[in-house]
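A.B. asks: In case you want the letters, here they are:
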Amino acid sequence: MSKGKSTPIGRLINHLEAIETGIKYLFIPRMTVMYPEEVMELPEGYRGMIKYNKEICISCGLCAQICPADAMKMYLEETSLAKGGEKQAKPKRYPGINYTRCIFCGFCVDICPTGAIEHVSIHDVAFDSFEAQIFKPKDFETGPPKVRYKKPPRRVKPRMDPKRGITYEPAD
Amino acid sequence: MMNLMSLFRWILDLLFSPWLFVPLIFPGLVTVFLVILFIIWFERKLAAKVQLRYGPLYVLKQLGGAIQLVADLLRYLFAEPIIPAETDKLAFVLGPILLFGASCFPTVAIPVSSSFYAIRSDISLLVALGLLAFGPAITLIIGWASNNKFSLIGGLREGYITMAYEIPLFISALSMAALYGTMDLIEMVESQVGWKWGLLLNPLAAITFLILALMSTSRFPFEIVEAESEIVMGPFTEYSGILYGLTMGASYVKFYVLCLLFSIMFLGGWKPVPSFLSWDPIGPALVLLLKSLILMVLGVFMRAVYPRYRIDQALKIGWHMILPLSIGSVFLSLGLILLGVVP
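Sequences listed follow chains H and A, in order. Quick note on the numbering used here: the first sequence kicks off at 1 and runs consecutively. Quick note on the numbering used here: the second sequence kicks off at 173 and runs consecutively.
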C-alpha cells in the first residue's frame, strides 16, 4: 500500500516489516560448522598448503619469481656448500616457503613447468613458533605437518540449497 | 538448637522486611545482577540466532553458554583498571560507580505488591523517574573527565540526546498519571482493574514510553552514545577492568528499571497473581519480573534487527515525532477521562 513511502504510516509499516524479518530469521536453522568437532570436506583443487617434489624440480626459480607475497625463496643446496671446493658442479638452488607470508594464491603451482609444486587439502595447522613457519627446501619436501584432532571430527560437506543458501550435510 | 532456629527466623524476618527486601533482593541489587547476567547473554544469543550462528556456547555447553557473563564478570574483576595519567582521577574513578548506583537507586521507589513496598509516597513515579535522570549528568561528567576525544564526543551526544528523550519520557509518564489521577505506583496498579491495562487505554503513551526507554538506555536503533563503530565506546572509551563493567551494566540496569515502570504503568504491574503464587511478596514479584523480562527481551531483540540512527536523525525523532506523540497521549488521557472510561 504505502510500502517504502516516507509517510508516517509507510515508515511504521517498514519498521514492522523489519521486526517481522528478524523474527522470521529466529526460526531458520543455523549454518555454523562447529569447527573442531565438525570439519568441512575440501573440494577438488582446494588451495591449501603446498607440497614440493624435489625429484622433478629443475631449479628454474619461476615459483620464487612469480610469488606476489615474496614467500617463495630459492635456497642454495646445503650439501654442495658443505663439501666445498672439490671440483663440484655449480651448486643448485631449490625453493623454500615462508608460511608467514604465503597468501595461498597458487601462482607457484600454476607456473611450475614440471608440476613439482602442488596444493594439498590441509589448511588448519598451528605452529608454535615464528621460525617453524619458514620451510627450507628439506622441510618443504616432507610437506606440511599432519593435522591432529583431539577427537576424530565429523566430516561435513557444503550443499547449495535454493531456499536457504549454503547448508552442510554429513559427508558420505 | 532453639536458639539457632530463632536466629534463623530472625534473619529470615530481617531479609523479608520491606525496607531490606526491596533495595537488596527484588527489585534491588540481587535481581539487578541476575537480570544483567541473563539479559546480556540472551541478547547475544538472540542476535546470534537471527544471524544464523550460535553466540556464546562453550562456557557451560549444556545450557548454551548461560554463564558466559559470569566468566566475563570474573575477567573484568581481575583485569587491571587502568587510570590514564591525564584524566581527572576522582571523577574518572567515581563516575562508573555513581552511574551504576544512579541506575540502581530508583528500585527503592518501585513497589513489589499493594502491601509490600520500601517507601510509600504519593509521587513515587516522579521519585523513580527523577532518580533515573541522574544518569545522563554522570555520563557527561565521565565524558569530560576521561580527557579523550571519543569520550568527549560521546558525552556531548549523551547531552544532546538526553534533551530529546527526557522531556517526552516525563510527559508520557505524566499522561498516565493524569489518566489514573495519581502518581503513586501502587494506586496506578490498583486502578488497572480487570483487563483495563494502561497499554489498552493509552497505547500512544505506551509506544512513546517504550521507544524512549530504548533511546535513554542506548539500545538499538538508538545506540548513538556508545556507537562502537564510530567513537569506540563513547564516554566509556578510557575505562578498563571492573570500572568498564560497571559502565556497561549501568545502561542495562536503567533499562530494567524503565521496564519495571512500564509494566507497572501499562501492563497491570503484579496483577494478575496466579493463585498458587499468592505468597506475598514472592508471587507478585515473580509476575512483575516476568513482565519486565519479556519487555527487556523485546528491547534487546532490536539489536538483531536495526542498524544505528545518526545523532541528528535520533534528535529529529525525539523532537519532531515523539514529543508531539507524547503530548497527544496527554490529550488522549484527558479525552478518556472526559468520556468516563476511567473512574
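Simulated from the structure, these hints should not be mistaken for laboratory data. Treat each hint with caution, since some may be false.
Simulated restraints, written as ranges between beta carbons of each label pair [claimed, not checked]:
1) H/Ile23 / A/Leu235: 15 to 25 Å
2) H/Thr167 / A/Pro375: 37 to 47 Å
3) H/Lys24 / A/Ala257: 44 to 54 Å
4) H/Met40 / A/Val202: 26 to 36 Å
5) A/Leu249 / H/Thr32: 23 to 33 Å
6) A/Glu402 / H/Ile58: 50 to 60 Å
7) A/Leu249 / H/Val120: 45 to 55 Å
8) A/Pro375 / H/Cys105: 52 to 62 Å
9) A/Pro496 / H/Met40: 53 to 63 Å
10) H/Pro68 / A/Leu262: 31 to 41 Å
11) A/Trp451 / H/Arg164: 46 to 56 Å
12) H/Val120 / A/Ala257: 50 to 60 Å
Remember, predicted model here, so these are calculated numbers, not experimental data. Every residue, glycine too, gets a C-beta built ideally from N, C-alpha and C.
A.B. asks: Against each hint, give a clear statement of whether it holds in the structure.
C.D. replies: Taking the hints in turn, this is what the structure says about them:
Between isoleucine 23 of chain H and leucine 235 of chain A the Cβ separation comes to about 23 Å, which falls inside the hinted range of 15 to 25 Å. The hinted window of 37 to 47 Å between threonine 167 of chain H and proline 375 of chain A holds, with their beta carbons roughly 42 Å apart. Between lysine 24 of chain H and alanine 257 of chain A the Cβ separation comes to about 51 Å, which falls inside the hinted range of 44 to 54 Å. Separation of methionine 40 of chain H from valine 202 of chain A is about 45 Å and departs from the stated range, judged on CB atoms against 26 to 36 Å.
As the Cβ distance of leucine 249 of chain A to threonine 32 of chain H is approximately 30 Å, the hint placing it in 23 to 33 Å holds. Checked against the given bound of 50 to 60 Å, the beta carbons of glutamate 402 of chain A and isoleucine 58 of chain H, roughly 56 Å apart, stay inside it. The hint said 45 to 55 Å for the Cβ distance between leucine 249 of chain A and valine 120 of chain H, and at roughly 46 Å that hint holds. Checked against the hint of 52 to 62 Å, the pair proline 375 of chain A and cysteine 105 of chain H passes, with Cβ atoms roughly 60 Å apart.
Hint check: proline 496 of chain A to methionine 40 of chain H, Cβ distance near 55 Å, so the stated range 53 to 63 Å holds. Look at proline 68 of chain H against leucine 262 of chain A: about 55 Å separates their beta carbons, and that is not inside 31 to 41 Å. In this structure, tryptophan 451 of chain A and arginine 164 of chain H meet the distance hint of 46 to 56 Å, their C-beta atoms being roughly 48 Å apart. As the Cβ distance of valine 120 of chain H to alanine 257 of chain A is approximately 53 Å, the hint placing it in 50 to 60 Å holds.
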